[in-house]
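Colleague: Each chain, letter by letter, is given below.
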Amino acid sequence: MTQINNSLKKRKKDLTFWQRIYIPEIIKGLSLTMKNMLRPKFTMEYPEEKFIPPASYRGRPVLVMERSGDERCVACGLCSRVCPALAIEVQAAETEREKERYPEKFEINMLRCIFCGLCEEVCPEEAIVMSKDYELAFTNRDDAIYGKDKLLVPVDQLQDRIEFLRKYK
Amino acid sequence: MPKITIDGKELEFKQGQTIIQAAADYGIDIPHFCYHPKLSISGNCRICLVEVERMPKLVIACATLASDGMVVHTNSEKTIAARNAVMEFILINHPLDCPICDEAGECKLQDYAYQHSTGESRFVEEKVHKDKRVQLGPHVMFDGERCISCSRCIRFCDEIAKDSELTFVQRGDRVTITTFPGEQLDNPYSMNVVDICPVGALTNSDFRFKARVWDMSLTNSICTGCSRGCNIEIWVRNNEILRLTPRHNEEVNSYWMCDHGRLNTFKFVNASDRIDCPQLRLNGSLKKVEWDEAFSFLSNKLKQFSKNEIAVIGSAYSTCEDNYIVSKFAKNTLGTYNVDFIRHIDPSFADDILRTEDLTPNSRGAELVGVFPEKNGLDLNGIVRSIKDGKIKALYLIEDDILSFDPILEEYLKKLELFVIHTSNYNRSCDYADVILPAATYAEKNGTFVNIQGRVQRIRPAVATTELDRSLDGMSLSRLDKFGTSFDRWAQGKKYDAKSTWKILTNLSSYFGQKYKYQSSEDVFMDITRNISEFNGLDYESIGLLGKELSFDKVKI
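Chains A and B are the protein sequences, given in the same order.
If you count by numbering that gives the first Met the number 0, then the first sequence holds residues 0 to 168, one letter each, in order.
If you count by numbering that gives the first Met the number 0, then the second sequence holds residues 0 to 556, one letter each, in order.
Treat the hints as calculated values from the structure; they're not laboratory data.
Simulated restraints, written as ranges between beta carbons of each label pair:
#1 Pro83(A) x Ile40(B): 43 to 51 Å
#2 Lys413(B) x Asp142(A): 50 to 58 Å
#3 Pro83(A) x Arg207(B): 27 to 35 Å
#4 Lys149(A) x Lys131(B): 29 to 37 Å
#5 Gly118(B) x Ile113(A): 25 to 33 Å
Now the stretches of chain A that chain B is said to cover, found in silico as 3 or more residues with beta-carbon under 8 Å:
#6 75-89
#7 98-105
The beta-carbon is built from N, C-alpha and C at its ideal position, and this holds for glycine as well.
Isolated chain A (complex conformation) (with noise of 0.2 Å):
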């Protein structure tokens, strides 16, 4: 204690003269803010304006919806498997198509969601990836579960994120 004590008393005595009148600091913080005035800006002012992530943001997860209108994932569950929050729940039915099976329900429970990318990770048929949307608001729990309507987005749409996936994953 009494060592801490000297150290502050040894310390008071350190400061200079100019230190102590005070005013060249002043001058000297308040210049920092004047350059930073005049630099470019970082903020926005959302929500008029948005926040474009990079193709490495990981959003909300979405299925990948083929050209042909038909979702790409196939149902193996594996998502739902990984996702250590357990958000995912994938029920599976048969289809005439070539890939025999499909969800029938496909749903991500977005409260529980922690956004970590393993579904997409896991994924064998690039058919879950992150996208850019962050806005996820709701009022009550059921609106925070996403279903087929709400998950599906068309692939155009997610170009850049598959590109992003397929040169570093």
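Since the structure of chain A is already known, use the hints to place chain B on it.
Modeller: Below, chain B alone, put in the same frame as chain A:
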């Protein structure tokens, strides 16, 4: 006894065993696809190659007889290299279908690909294409590309089902399986080929794509399709039974079960016609009520009849515990000796493999625990006759449909002053019932069945009712069951407000001033073991997974 050395361990074996059998007896697993302990040896998959000292080449463990002094290496460098090579060959034409294949998760090929292969394919050419989605029979779907030509299904039909329906056609990499011209894979045991298929080539049309195997919980139980009592596993997801599979029990069903048992004995558990709360008929229409109201209504009504005006019909569909209490309730509480149960016999159902002519799982048990008339009481035919005569005025029917026994009874049921029924699902008798009490199905309760061989076997709850909690009541849990909350749609499977018949009757008895101190079905069973000589000395633990023979030497039936 002759001795064989496998991986440095000296093991005794029986003369005539092959290497793979000798090893299996000591828990040493040699990889195999085509070998099955209950089928003839075919030796065509080659994955079980092992190194035997002083043999010039590797030999297949499934078809090489073990001999005294033989020294086998199952994990030597040479064997591993050979195994990897065999895996690579098999995988050449195997499609990468795992994401859409039902077998994924319980696939031998998938497992071995992890354990015994290099993990990379050197095959860059186009794989051979064969027919996919071929309906081989009413319940089995075939995918030619996934087939690894192990011939287990062919041998099963020839040797176990005794109905040759399948065969190989074509040669080389074009080889595929098909039914004989004009035939279908429709023998009564056809779906066992789905279980023994080491890959996803043969899949269950009924279960197809319903769930992934890792999402389900499984519970050891007994099939209720007939009195054989095949050991089964019940696969449940979100409190719904999705499929049944046979469980190995050499004394009863070996590895098999029939298609009837597999398909027709579980759908009623989650059917829409389940009775899910007690119902009383007031002024001609059924009204849903609380248990207490039903019990007090029912006990007041029952007290109005003299002993000889009441008949109680037990059930060969419910457990020994249930029937024991039914008999006690009838004879001690109601004081009637008009007690019997309905036998459902269909000789055309029986065969010499597993099926029996008795279509109920527990008629022997019901009889043993006392569901039979005593002291001039009426048997079933007597009860039916007396209902027609109007001598029986109150009928208490447990878990059965009396109209299936005697359809003519329909008009007489209307005349009964009181008709009580315990049932899990709606049946035609319910139309005439004054009181309907929801009974738990075999998949929702603990208990025992006695099969045709006199073997007592356990059933366990696989589906939760409102009074059961999966974790607190020791039921098997899937990952989804463990972590689901009431807000998760995948954890909100319907729970029915149903009780085991023994529990309903002990509760009802308290309205007659009789208190039974049973807390669980095990307590009831312990009482049975004390009072019924055939059950002496048994308990749930000793019955275990595979059941126990009852001792019939003391009393002859």
